[in-house]
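Asker: Use these hints to put chain Z with the ligands onto chain L, whose structure you have.
Chains as they are written, first to last, in this note's numbering: chain L, 1 to 246; chain Z, 1 to 323.
Be aware that a few hints might be false.
Said to hold, decoys possible - Coverage of chain Z stretches by chain L, computed from C-beta distances (three or more under 8 Å per stretch; other residues unrestricted): (1) 178 to 184; (2) 243 to 250.
Stated by the list, open to error - Here are the simulated DSSO-like cross-link-like pairs (lysine-lysine), alpha carbons at most 30 Å apart as the crow flies: (3) Z/130 - L/244; (4) Z/137 - Z/55; (5) L/105 - Z/148; (6) L/225 - Z/319.
The hints are simulated quantities; they were obtained by calculation from the structure and are not laboratory data. Cβ atoms here follow ideal geometry from the backbone N, Cα and C, with glycine treated the same way.
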Amino acid sequence: MKILVCISNVPDTTTKITFSADNSTFNTAGVQFVINPYDEWYALVRALELKETLGGNVTIIHVGAADSEATIRKGLAIGADDAVRIDAEPNDAFAVAEQIAAYAKDKGFDLVMAGKETINYNGSMVGAMLAELLNLPFVSMATKLEIAGTTATIEHDIDGGTEVVECPLPLVLSANKGMAEARIPNMRGIMAARTKPLTVVPAAAADKLTSIKSYELAKGRTECKFIDAAHPEQLIELLHNEAKVI
Amino acid sequence: MSVLVYTEISKGRIKKASLEAVNYGSRIAAQMNTGVTAVVIGDADLADLGKAGAKKVLRLKNDKLSDLNGQYLTAAVEQAASAENSTVIIFSSDFTGKEIAPRLAAKLKAGIVAGAVGDPVISGDSFTVKKNVFSGKATAMYVIHSAKKIISLLPNSFPVTLGEGTAEVSDFAVNLDNVNSPVKVKEVKKVTSELNLPDAELVVSAGRGMKGPENWAMVEELAKELGAATACSRPVADMHWRPHHEHVGQTGVAIRPNLYIAIGISGAIQHLAGVNGSKTIVVINSDKEAPFFKSADYGIVGDAFEIVPKLVAAVKNFKANHN
Ligand SMILES: Cc1cc2nc3c(=O)[nH]c(=O)nc-3n(C[C@H](O)[C@H](O)[C@H](O)COP(=O)(O)OP(=O)(O)OC[C@H]3O[C@@H](n4cnc5c(N)ncnc54)[C@H](O)[C@@H]3O)c2cc1C
Ligand SMILES: Nc1ncnc2c1ncn2[C@@H]1O[C@H](COP(=O)(O)O)[C@@H](O)[C@H]1O
Chain L
1 MKILVCISNV PDTTTKITFS ADNSTFNTAG VQFVINPYDE WYALVRALEL KETLGGNVTI
61 IHVGAADSEA TIRKGLAIGA DDAVRIDAEP NDAFAVAEQI AAYAKDKGFD LVMAGKETIN
121 YNGSMVGAML AELLNLPFVS MATKLEIAGT TATIEHDIDG GTEVVECPLP LVLSANKGMA
181 EARIPNMRGI MAARTKPLTV VPAAAADKLT SIKSYELAKG RTECKFIDAA HPEQLIELLH
241 NEAKVI
Chain Z
1 MSVLVYTEIS KGRIKKASLE AVNYGSRIAA QMNTGVTAVV IGDADLADLG KAGAKKVLRL
61 KNDKLSDLNG QYLTAAVEQA ASAENSTVII FSSDFTGKEI APRLAAKLKA GIVAGAVGDP
121 VISGDSFTVK KNVFSGKATA MYVIHSAKKI ISLLPNSFPV TLGEGTAEVS DFAVNLDNVN
181 SPVKVKEVKK VTSELNLPDA ELVVSAGRGM KGPENWAMVE ELAKELGAAT ACSRPVADMH
241 WRPHHEHVGQ TGVAIRPNLY IAIGISGAIQ HLAGVNGSKT IVVINSDKEA PFFKSADYGI
301 VGDAFEIVPK LVAAVKNFKA NHN
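Isolated chain L (complex conformation) (with noise of 0.2 Å):
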């Protein structure tokens, strides 16, 4: 089994977001980057998994400059067998999925995983994008995962509800909750990881289709209303005459 994970490098879930004065980037001084959640704890650590019980490769791939090698270190630790970095600005998920098609190719890969979505820019796109550039079936929020012989039995999420489905290798997917579960990194794995290969492969052309133009923080709530414990009936007047949601 050769697998490759898409990981990308996204801000902690608890960074406070703030703007450069017009507005026009993402302020990352200071900020502590991670491997996007989706990526790290539910693709990489099934892929782990599937790696432990059928043998095999587990590459990690990464589009991005080389401020991110830190990330990428980390999921080395956590257990993938070596990285790739495509020494690219991941400003646009076209021109990503392209960098990634380009690199996988012509390498064999049994399977290709995406997350859910970056927790940047919840996109939910390169997934299905790289599927497409690499002319695979795509199965996209995939919560369980498992493999005999050549063929991968899904289940994922539907509108609605879960479906099962069963493809043959090669195919794309992308990971949701439900994947694996979050290892954390020992001392063995963190000390092998400085070893473990990272190859920076230079970019190759892409289109980029969108650029962002602006930012701006979401407006927080007004003043919250309490509501006496005792007469929890007024909130219900209030839901209907006030916010007029009921």
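Answerer: Structure of chain Z with the ligands alone, referenced to chain L:
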């Protein structure tokens, strides 16, 4: 030139999210002096598509389209878009939309904005669309540079308005002879509750403050009286007190109902990431310092075990007086 909108039928009707998309498409079409064509698979009363603003409806026909397979759907929408000469294609950013909109975007080399929360701003050649970023902590204006454009809408972000319009409906034969998807559906498990959480306008949610799964009856009763869907925080789903599809937040489902009632939930930032788009938020928590109160419109400080039954009674009373 036209605007194409992908729509779906559920339970014999056009889905609400699809009507949001047709409305959205017709607002773009008006700016571009063109019309909206809706595509749909299956049979149902399609009158709502015309009322929502579609001028044409194409019923996509091919036996392979029966189980919403992403590869077949992508090819089908591509063929319809090509026949209609559509430069803008709209989806809802639900599970199907997340599977096929980016795949189609890659096929057409169309720039895509997924999860749009505002109408596009079109001026000359510049086309910008607002979407949520950083899990709802901010929004960003995306510029789409390519000639073909795809937008998927964050569900529940736009109102639905139905007018008097009618659409001309015709069949559109899709050719899938050269597309062969190896994905085989083995089993479909539909969530049995009538209300689908991501579509629900009212949601009652509870967290670890409920102490154990045996105490959920009052939460369910409040939801039932309100006609609301139920949701929960992540630890509650992790401990199997509630099914995983109810888990909302950063790593669960993101929802934006009109009303979100949070009972015994502390309001961790990862929880807020999935619910802060709700129009009105009510927080019930015994700890007046619970962080959730800072993100609430209405708050009750007190013991859920006393307050929730009183709320159930109050809703019953309210319904009796307002019918
Ligand atoms: C990367 C990451 C992703 C995460 N993703 C999610 C996510 O998607 N969704 C999510 O929910 N969490 C998520 N979490 C976990 C999150 O940080 C919190 O731990 C979690 O939301 C807490 O759940 P809770 O509010 O139910 O429990 P607690 O934090 O234990 O809060 C229980 C609350 O109940 C109140 N309470 C107790 N008794 C009563 C009573 N009798 N009446 C009324 N109130 C009472 C308490 O005052 C307290 O505020 C994530 C964490 C990480 C690190
Ligand atoms: N820069 C990147 N490098 C590698 N993989 C990425 C990158 N950006 C996104 N991905 C992968 O694509 C998934 C979906 O990302 P997105 O479409 O941006 O929400 C992520 O969970 C990652 O698995």
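Asker: Under 8 Å between beta-carbons, do enough residues of the region 178 to 184 of chain Z, three at least, approach chain L for the coverage claim to hold?
Answerer: holds (count 4)
Asker: Can the restraint linking residue 130 of chain Z and residue 244 of chain L be considered satisfied, given a maximum Cα separation of 30 Å?
Answerer: 26 Å, holds
Asker: Hey, residue 105 of chain L versus residue 148 of chain Z, does the alpha-carbon distance stay inside 30 Å?
Answerer: 26 Å, holds
Asker: Mind checking the alpha carbons of residue 137 of chain Z and residue 55 of chain Z for me, to see if they're no more than 30 Å apart?
Answerer: Cα-Cα ~37 Å, so violated.
Asker: Cut-off 8 Å, C-beta pairs, minimum 3 residues; does the coverage of the region 243 to 250 of chain Z by chain L stand?
Answerer: It holds: at least three residues are needed, and the region 243 to 250 of chain Z offers 4 whose Cβ sits within less than 8 Å of chain L.
Asker: Would the hint linking residue 225 of chain L and residue 319 of chain Z be met if the CA-CA limit is 30 Å?
Answerer: This hinted pair holds, its Cα atoms lying about 23 Å apart.
Hint 4 from the list above is the single one not met by this structure.
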